[in-house]
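Protein chains in written order, with the numbering used here: chain Z, 567 to 845; chain X, 69 to 331.
Just to be clear, a hint being listed does not mean it is correct.
Which stretches of chain Z does chain X cover? Using the computed rule of at least three CB atoms under 8 angstroms from a CB of chain X, they are [said to hold, decoys possible]:
{"no.": "1", "stretch": "632-644"}
{"no.": "2", "stretch": "695-705"}
{"no.": "3", "stretch": "715-725"}
Short derived list, chain Z residues pointing at chain X, Cβ under 8 angstroms [as the list claims (entries may be wrong)]:
{"no.": "4", "residue": "613"}
{"no.": "5", "residue": "615"}
{"no.": "6", "residue": "747"}
{"no.": "7", "residue": "751"}
{"no.": "8", "residue": "776"}
{"no.": "9", "residue": "779"}
Straight-line Cα separation of at most 27 angstroms, DSSO-like style, residue types lysine-lysine; simulated pairs [what the hints assert, rightly or not]:
{"no.": "10", "chain 1": "Z", "residue 1": "605", "chain 2": "X", "residue 2": "224"}
{"no.": "11", "chain 1": "X", "residue 1": "168", "chain 2": "Z", "residue 2": "710"}
{"no.": "12", "chain 1": "Z", "residue 1": "685", "chain 2": "Z", "residue 2": "625"}
It is worth saying that the hints were derived from the structure and are not from the lab.
Even for Gly, the Cβ is constructed at its ideal location relative to N, Cα and C.
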Amino acid sequence: MATFFGEVLSVCSRAVEEEDEDFVENEEDEEIRRELEKKREVNLLWNPETSQSLASGNKLQCSDFFLAVGHNAASFLSAYVLSSSNWDAVGRASVWNERSRAVAGQSSEESACVFYRHKDIPSVLICRVTCYIAEDQLFQWTEKVFDCVQHRGLNVTVLSDSSVADYKTENYLSSSSAPFLRSLHTAAFSDQPVCQSLEQPNIVTGLPAAVLNHCQVHCIAAVVYQCYSDVIGPDSVTMETYMPVLTKLGKVMQLDQPPTTDVFRKFVRTTDIQSNLYI
Amino acid sequence: MFVSSQDSPPVFKDFTLVMPAVSVGNVGQLAVDLIVSTLNMRRVGYMHTDCLIPMAGNNPYSSCKEDAEELHTPAEVYTAAEMKLAVLQIRAPIIQTRTKRFRQQLVSWIKASGFSRTMVLSSSHAYQRDDLQLQGSPLRFLVTPSLLGVSADALKELGWREMERTPAFPGLTDAEAEPRLCIPGGGITKGLYSDSCAEDLRLAVLLLFCSEGDNIPDAFALVNHLNDWLHLLDNQDQEPNSRWKIPTSWSLLFGSGIPPALF
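Modelling step: build the complete structure from the supplied sequences, incorporating the hints.
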């Protein structure tokens, strides 16, 4: 839809697809559809020790679950939390969909959604998600992951990247106002969020929304910190925006690094090399 | 699929259910928003299903700062117990490959809850109307045989127009081709209606022909139409549209503020 000034806005749920009632599927079509559905299933691969304990009915004992969705959020956690050697990778989620790259991206795909557990405080679980999870896979991802984690006393914190173009406000946002942080929490969350609450009519979508829905329905304390940025791709200023969350992280575990913004540079440099077309 | 948000599960026995079909212009959803917001309805539970695209936001019906921070999910059930009215609001599109499953979940929930009747608010592409449909009111209705049995008099009094069945091959006279029900842009409307006929549910569809764009006037037209039957609001002397309360979530429907540097 275009506005008076010709900007094109994406409007959700406008394109209503037809339900084709008269269309009779033959067996072959059905089989292809089934196969495709099977391929799109979310699989959780835990390390032998964890999978053994899960198989015997013991869920992961977890008090704090930190989830970073997007490159900036994931790099923020890598820089401040995962940089110490106190973390074990305990498992990963494999997700296949239309945006998965065939063979070339194999290695990056494997590290796209990894779960880490603190060596000294095993009740702290971290997950970095840098891959695309399709709309039909979000619910399943959340169900499967939370099925492995015990719910009592669980606190979920989600850091998520978002584009400032998705943020609606009455006042025009000048370029100096981005990036900024907004929060959204479930009814069971009793703590004070570190930033302002997300204003109506703004909404959260994707994995953070799926996690919030699950936690709201199952009465789990959860908060999403959504960072609205005007830069596409890894960016140190955007990563810095998550800094207020560190105070919450510091309560749960000892952070050995003094917060300096220099640590973000190494995460940004990798993309610099690819984008040297216009120096 | 239905999860109660209270300690004791709500009782829906003999309630009237109003729900939208996610359809062209989101007219049904907007109309449902008006009902929940105007009647100050209470949330009693969630529809937690993998058939809808996840989304979350703060209270769409907040009236003051205190109640603004309240998480809301893609599909929720609201009630006004004194009116014996329940409303299902759906805020997200249905995942394409799961529309059938979603319909089945809805039908079995409606059956299990013991609603006395279900009203589906929907819309259809205005540009796909045939010559007959172009004339007169853009509002149509459909009722299942079992609801017609108990509401025939009320419908007669209202004098509404039923949704026409269109010929399979317009312009051709083919004795064998039976006229079909066709609701382009109606999402699950047609499927839900035929499922309800088969399952003997008391269900009515109220729909409006419209186009994409500013669909707020369409939502008012549809909700006023529903009000003629259900009498949700009774102050007849007021101008019909001003009786309804527009929720805060309707702000900025056409995007953010305009850059001041433009002028």
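If you check each hint against the structure, which ones fail? 1, 3, 4, 5, 6, 10
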